[in-house]
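Protein chains in written order, with numbering that gives the first Met the number 0: chain A, 0 to 548; chain B, 0 to 39.
One should not assume that every hint holds.
As the list claims (entries may be wrong) - Quick partial rundown of chain A residues pointing at chain B, CB under 8 Å, derived from the structure: (1) L235; (2) T236; (3) Q280; (4) Q283; (5) I452; (6) K453; (7) R514.
Bear in mind the hints are in silico, worked out from the structure with no lab data behind them.
Here the structure is a predicted model, which is why all the values come from computation and not from measurement.
Don't be surprised by glycine CBs; every beta carbon is placed ideally from N, CA and C.
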Amino acid sequence: MSGLEASTVTTVGTVMVLYLGVLLFIGWRASRQTHGGEDFHLAGRSLGPWAAGISSTASSESGWVTLGAVGMTYTYGLSGLWFAPGCLLGYLVNIYFVAPRLRELSARNGSITLTDVICRRWGDPRNVLRLTATTIILLCMMIYVASQMTAAGKAFSSSLGLDADGPGYFYGVLIGAAVITLVTVLGGFRAVAWTDLFQGLLVAVALIALPLWVIARIGGFGALFSGLAAIDPNFLTATGGRAGPAMWGFVVGNLGIGLGYPGMPHVVTRYMATRSDRDVQRLQIIAMMWGVVVFYGAGLVGLVGRVSLPELADGERTLMALALQFTHPVIAGLLLAAVISAVLSTVSSQLLVAASAVSYDVVEQAFGKARDDKRSLVLGRVTVVVVGVLGVLIALRGESMVFWFVLFAWSGLGASFAPLTLLALCDTWVNRYGALACMLTGAGVTVVWKLGIKVATDPTSVNPLFFDRLWWMVIVVTAVILLLGRVTEAFEVGHIAAVLAATVLTLTGWFLVQRWGFHNLYELVPAFALATAAAFGVSALFRVEEGTP
Amino acid sequence: MAMDQHHLSLGGHLLLWVFPLVLTILVVADSVKDWRRGRL
């Protein structure tokens, strides 16, 4: 999108600066109410329904909704919209099942983070669960944060008509990261939730107003459907012309995206921070309506973009292109701010989750540093800065690596924590050994399934020797974990069983995807199923010893 | 171009507007129920 007029660039740039100024103002206001650790990590459990509702949903929808989801319907027509019911079914489970129960459980046992909920729910005297969960969360979140900063850099540079690979990208990453890190450092969870509310509303208005405006300009829904049919008649069908396993894999995979929602620490902590049960009831309708508007709005943007701008090289740029083509520069500036909002609202939440994982879960809880509210606050702030700087460094130095690993972030977190969160809220025989098996199986199967699909669909993309030896690597990693666990005397017999069960199930996943051809299935679906099976199986075989918490 | 020239398929109708409409009605109905019981 280079070659924009100078006046347009000036106007769009001014709107961007105003938008960033609003974020900083909110951060400053929130900092005045942040006095201690629980304030910083959980806003003192004081969020109202609007902040909690919109913040939970805006955190879960990253740049993916304004870029990737739009690109789906741009590329596949109506069948690209299957992600919408998938995500909304995930919302239903999160908002109606998880939210009220998690708020009650975390308030009852005084948990601050999702890891904390899991550890206190099942007891974790040797910190095995806590350190495993923290490792998985940190790995996924660091990569996630870096990838979102990359997206912010690209969105900034292209909205100002700068070269996406040049200095515009560099400054875009720096400005976006600096502002959002500062906001998070200043006001912690409260600032993150309030900026999410502001940004979430901006995204919702943008995603519903823009497509309706453009549809009106091109002659209504009739013209939209005719235009789509003219490009490809399959664009008006729910299957998109797919049949057999390809169709089922596509539909189940898209619906399977929703399985990840209960496992997103940056989402479910919003429910823990909600003020009261009554506020959870109010949050439900607010969050669901936001979801309907945003997902269907994003889908419509892709569809109208396909008809009105059919020659775009990259469908993910549809929203930005439509904004600049069809609206006044001031409105275009607001719409582009919405694109960046979707990114930054996720970054801030993930920065905070990563910081809480280090400062609260590891330093305060696992290492047993006595909790002092003031020190906890300082520690939290310092960690946010460290994570933010690391994110920027990864975004600037290792962009290609980021895009490879970020593929694992949603499904990895989802498979490791979604079944566990749901089980924590139910009355089952699952115990801490089952919980460990569940986390490890979820993470392991996600990785091997994703790699398996890559090998099966594009064998030249990876070194075959690596995959021939993959299962040896899994076995070696398992042996190292077991050895370390024994040497440090952290492991009980049940922990060893959990690690072995996770290894067996991870290898089972590898054989399923390699030998029996489940290539069309999104990895979160099998990983979720096997992780749940691991939780029940290991818990049934190895009971927690009497007398231990 | 009139709309009747290019119909959505049945699945297309369900995916595009029937699902979100039914979902919205259910969510609103649940909230109205909460409100009438004084819990909202």
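Structure-based check of all given hints:
no.: 1; hint: L235; result: holds, 5 Å
no.: 2; hint: T236; result: holds, 4 Å
no.: 3; hint: Q280; result: holds, 5 Å
no.: 4; hint: Q283; result: holds, 7 Å
no.: 5; hint: I452; result: violated, 25 Å
no.: 6; hint: K453; result: violated, 29 Å
no.: 7; hint: R514; result: violated, 33 Å
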